[in-house]
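Participant: Listed below are the residues making up each chain.
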Amino acid sequence: MYPFSFTKVSDTRGALAAGRRGGRYIAGGTTLVDLMRETVERPETLVDISDLPLRDVTVTERGGLRIGALVRMAEAAAHPKVRTTYPVVSQALELSASAQLRNMATIGGNIMQRTRCTYFRDVTAACNKRDPGSGCAALKGFNRTHAILGTSDACVATHPSDAAVAFAALEARVHLLGPDGERSVTFADFLLKPGSTPNREQALRKGELITAVEIPALARPLKSGYLKVRDRQSYEFALTSAAVALHIRAGVIREAKVAAGGVGTVPWKLPAVERHLIGERPSQALWTQAAERAADGARPLEHNRFKTELLKRTVERQLRIVGGTA
Amino acid sequence: MSPQPQAAVGAPLSRVDGRLKVTGKARYAVDHEIAGAVHAVIVDSSIGRGRITGIDTRAALDHAGVLKVISHVNAPKLPYQRNPLPTAPPGERLHVFQDDKVHFHGQPVAVVVATTLEAAQHGASLVKVTYDAQQPSTDMADAPAGEPQKYARGDTDKALEVAAVRMEMTYDLARNNHNAMEPHATTARWDGDKLTVWDKTQWVFGTQIELAVVFGVAPESVRVISPFVGGGFGSGLRAWPHVTIAALAARETKRPVKLALSRKQLYFGTGFRPTYEYAVRLGSDRRGRLTAMTHDVRAETSSYETFLESVLIPGQMLYSMPHVSQEYRTVPLDVHTPLFMRGPGYTTASYAIESAMDELADKLGLDPIELRLRNEPEEDESSGLPFSTRRLRECYAVGAREFGWHRRNPGPRSTRDGDWLIGTGMAAGVYDTARNDAQASVRLDADGTALVQSAASDMGPGTYTSNTQLAADALGLPMGKVTFRLGDSLMPPAPPHGGSWTMASVGSAVQDGCDKLRKQAVKLAVEDAKSPLHGVNPDTVVVRAGRLHVKHNPARGETYQQLLARNNRTHLEAMGSFTRPTGPERHSLFAYGAVFTEVAVDARLGLVRVRRMLGVYDAGRIISPKLADSQALGGMVGGIGQALLEHTVTDHRDGRIVNANLADYLVPVNADVPDLRAIYLDGDDRDADPIGVKGLGEIVQVGVAPAIANAVFHATGRRIRELPITTEALL
Chain R
1 MYPFSFTKVS DTRGALAAGR RGGRYIAGGT TLVDLMRETV ERPETLVDIS DLPLRDVTVT
61 ERGGLRIGAL VRMAEAAAHP KVRTTYPVVS QALELSASAQ LRNMATIGGN IMQRTRCTYF
121 RDVTAACNKR DPGSGCAALK GFNRTHAILG TSDACVATHP SDAAVAFAAL EARVHLLGPD
181 GERSVTFADF LLKPGSTPNR EQALRKGELI TAVEIPALAR PLKSGYLKVR DRQSYEFALT
241 SAAVALHIRA GVIREAKVAA GGVGTVPWKL PAVERHLIGE RPSQALWTQA AERAADGARP
301 LEHNRFKTEL LKRTVERQLR IVGGTA
Chain H
1 MSPQPQAAVG APLSRVDGRL KVTGKARYAV DHEIAGAVHA VIVDSSIGRG RITGIDTRAA
61 LDHAGVLKVI SHVNAPKLPY QRNPLPTAPP GERLHVFQDD KVHFHGQPVA VVVATTLEAA
121 QHGASLVKVT YDAQQPSTDM ADAPAGEPQK YARGDTDKAL EVAAVRMEMT YDLARNNHNA
181 MEPHATTARW DGDKLTVWDK TQWVFGTQIE LAVVFGVAPE SVRVISPFVG GGFGSGLRAW
241 PHVTIAALAA RETKRPVKLA LSRKQLYFGT GFRPTYEYAV RLGSDRRGRL TAMTHDVRAE
301 TSSYETFLES VLIPGQMLYS MPHVSQEYRT VPLDVHTPLF MRGPGYTTAS YAIESAMDEL
361 ADKLGLDPIE LRLRNEPEED ESSGLPFSTR RLRECYAVGA REFGWHRRNP GPRSTRDGDW
421 LIGTGMAAGV YDTARNDAQA SVRLDADGTA LVQSAASDMG PGTYTSNTQL AADALGLPMG
481 KVTFRLGDSL MPPAPPHGGS WTMASVGSAV QDGCDKLRKQ AVKLAVEDAK SPLHGVNPDT
541 VVVRAGRLHV KHNPARGETY QQLLARNNRT HLEAMGSFTR PTGPERHSLF AYGAVFTEVA
601 VDARLGLVRV RRMLGVYDAG RIISPKLADS QALGGMVGGI GQALLEHTVT DHRDGRIVNA
661 NLADYLVPVN ADVPDLRAIY LDGDDRDADP IGVKGLGEIV QVGVAPAIAN AVFHATGRRI
721 RELPITTEAL L
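As you go down the protein sequences, you meet chains R and H in turn.
For what it's worth, the UniProt record's numbering labels the leading residue of the first sequence as 1, then goes sequentially.
For what it's worth, the UniProt record's numbering labels the leading residue of the second sequence as 1, then goes sequentially.
Bear in mind the hints are in silico, worked out from the structure with no lab data behind them.
Among these hints, one or two may not hold up.
[Unchecked claim] Under the rule of at most 30 Å between Cα atoms (straight-line distance), these lysine-lysine pairs were calculated in the BS3-like manner:
hint : chain 1 : residue 1 : chain 2 : residue 2
1    : H       : 128       : H       : 68
2    : H       : 363       : H       : 101
3    : R       : 140       : H       : 101
4    : H       : 264       : R       : 140
5    : H       : 77        : H       : 25
6    : H       : 626       : H       : 21
7    : R       : 269       : R       : 8
8    : H       : 128       : R       : 140
9    : R       : 140       : R       : 206
[As the list claims (entries may be wrong)] Computed from the model, here is a short list of chain R residues facing chain H with C-beta under 8 Å:
hint : residue
10   : 4
11   : 33
12   : 114
13   : 118
14   : 124
15   : 125
16   : 139
17   : 142
18   : 229
19   : 232
20   : 233
21   : 306
Values in this document were obtained by computation on a predicted structure and should not be read as measured data.
Cβ atoms here follow ideal geometry from the backbone N, Cα and C, with glycine treated the same way.
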């Protein structure tokens, strides 16, 4: 671990001031400290923001849900409002990490999580994300867990968060506070595909702080859920996952929100699948046909070819679990 | 047979060291508080083969707290005398910091010593090493093998030619790492030319001898202390390079040094269960009677040592057949040397043989148990020896009954539960019952407490507890009055803590020592005119709860305290020993088991989930049932990992281990091991050893992986001949 200085701030003004001077924000620290130990991350200054007043879950005026950036994963998952209105979020959180990590890690930190690509985490390996221009060892290396969607020749690493897949499906917005004031961006705009600059992962400006994730109000009744496919039953990142939310009225799907995880360089929204569902009646045939579009544009690698088919089956399964076949 | 009543042995007692462990008071290798200790961190090679061309230590040495950087550039030449132990593999071990050669990715190339762990870690990251890298050879599939070890009986070629049923299969097993909870770690301190080492080891004498010959000092000059081992599974059966590095760093800095490998370093700094390719050809008659089997086995080893294990034995004796032919080749690669891992050799062989048996049963439409019963040998056909005990038939019968085996629909892909295909599978297991020479000292103090010592190890199976149980009964004392100590090379010698022989060997020595001491006390009493036992036939005296009395007249007797006090004795002492019988064995000695499991396979997603597992074991006498269960369940968990999850992945481009951490190298979590149950046939095998045990630690993992693979076949109709069985193989 490289030496660093550590300051703790008690309000957002102090945080922004420290952030502007180049400090790295730390809350739960479950990713950042790991990566510092591996010397992947070498921040000179850590700014502890745990005491900032960003720990509320509130219902917005329009009926959406705003989850403060410092709400712990476990708290968010167990929150009655989250559980009843967006089960997909609760489930995604509860299928993440371990109980210990969920008690430490925050929502803001969760969506900032860095990839689990083992070459990224090994400072002796080539990695454009860690060391721009050094190459990508995963492209022709062991890439079973890597992405098949949104990849580039520079990077094939997945975004590891489950919660972010649920947020992406629900078209959540990320609220930011920076030296120039507040703004909010959609999930699709917040997390960046690697392109030729995989070292840039979020559309964050210098010193900007995530204050909340806001899930918009969605038409009711809304059924939703998260399916995570992995080798062991707990404490593992997804091989594939699917977040599905459906608004079905009078037997017809009126709204469909679908995204996939474990397969994309960012949480992968599936608009083609959504379009296929809208206006249709739930049936096994519909789920199968819609899921056929889940891997559109996939670019599999040597060891993750199976993900193309597994992704379709994962989406098909979760559409059926959420939408039923009645 | 001891005349003593059995009170502690056979009782489901908790670990005597459990409280120390859960309260954090048990001291592991780098937990010991050693005055003035500094910290060492190893710098690993980032190439897989080649030469070091330069080591720039300036930045590291400039970092506050860094005391020294040692590499081949400045390390003293070490004697590195030949290791005389029979356990040392053929070849020549890695010599640390003696030249510029790199033999594998992750090889130690330097060590940084600093006043704090943090400074040493950071210092290690500041050492800049340059290399002349060559392409390493790490893929067994492409590499040439060495000369084979061979075994043959009969004429397999001819027998296969005429066999009514012939089958040919190849099974592949991934490399596995031990991944015990405690990382390998060593604390080393020199006092003049005397070296004291606190080591994570399964054999204090192994560490002692290796350090003595590496540094060219007398073994008596090296003391090794290892009271607690945080898991081992075999990885502590050898003193790895870091042990030498810790001692070297301590000598060069003239400070006690603590060195713990990181989790990542365990994947290349210690051994592993090697990658295997196991090809089987078998022939049988139409009723399933085997006539011949060939076994062609390839396993990886390092370029500098030949690692061999007992992978051929099961194929020679598990089933009856006249014709057997085996060839076992190692493939030297640019990797570190493998080492024994739980059920070494046998788990590998049993996966291939027991999968092949299941394939034959399916081909013939026979029940897998019936097929095995038809091939049950009457004697050990590899040696012609009678079995001491071989109760596999009972294992099958009890297992089938308790598991509900015969309720299964025998057809593959015949049972469904929603999205899940349900299958059941079984496999036999075998592991040899070995014993080795051991000694134990016993001391009974005038206060009525006893201390029993042997330089054994307890990596988790419960050596402390089971030997305390044995000693308590043999001495006639309550558990709380007996202390068993282990893990110090100053104690009476014990064999390596592996191969499931600790109970048989150390336990027999403890039994012997305690019997001797008790008889000494009885003799003292019956010859003491002032004793109520004076003149009594010593054979009729028993000791219970610390009181000696006539067996059939409990009123007549006295306590150890009374006896010793009256005789002005501060204590009594005895030395117990167990000596492995010399000359050829008169019996074929093995522990056996049968594993039954039910799995669910998601028909569309390819996920395999174990629903339940039952193991039935013919393992002789069970000294400590609660810890036996702990062993058995642990073995099943290990087997589940081997079958479904564990795979050390090497990037063949540069020899790097890609998944050298516990997030990417998957071991089962609680959710993966739902309903596990063990049954032990009531046994007592005195042909094996004086206390009747056959060893349990290994047999409990043997057969688990093939039982799961067979259940996956039964669930899906698909035979996966590669471990681990992954989602992608089943899609």
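Participant: Taking the hints in turn, state whether each one holds.
Facilitator: Against the structure, the hints come out as follows:
no., hint, result
1, H:128 to H:68, "holds, 15 Å"
2, H:363 to H:101, "violated, 52 Å"
3, R:140 to H:101, "holds, 27 Å"
4, H:264 to R:140, "holds, 22 Å"
5, H:77 to H:25, "violated, 39 Å"
6, H:626 to H:21, "holds, 17 Å"
7, R:269 to R:8, "violated, 37 Å"
8, H:128 to R:140, "holds, 26 Å"
9, R:140 to R:206, "violated, 34 Å"
10, 4, "violated, 11 Å"
11, 33, "violated, 13 Å"
12, 114, "violated, 13 Å"
13, 118, "holds, 5 Å"
14, 124, "holds, 4 Å"
15, 125, "holds, 7 Å"
16, 139, "violated, 11 Å"
17, 142, "holds, 4 Å"
18, 229, "holds, 6 Å"
19, 232, "holds, 5 Å"
20, 233, "holds, 4 Å"
21, 306, "holds, 4 Å"
Consistency note: the structure conflicts with the earlier hints numbered 2, 5, 7, 9, 10, 11, 12, 16.
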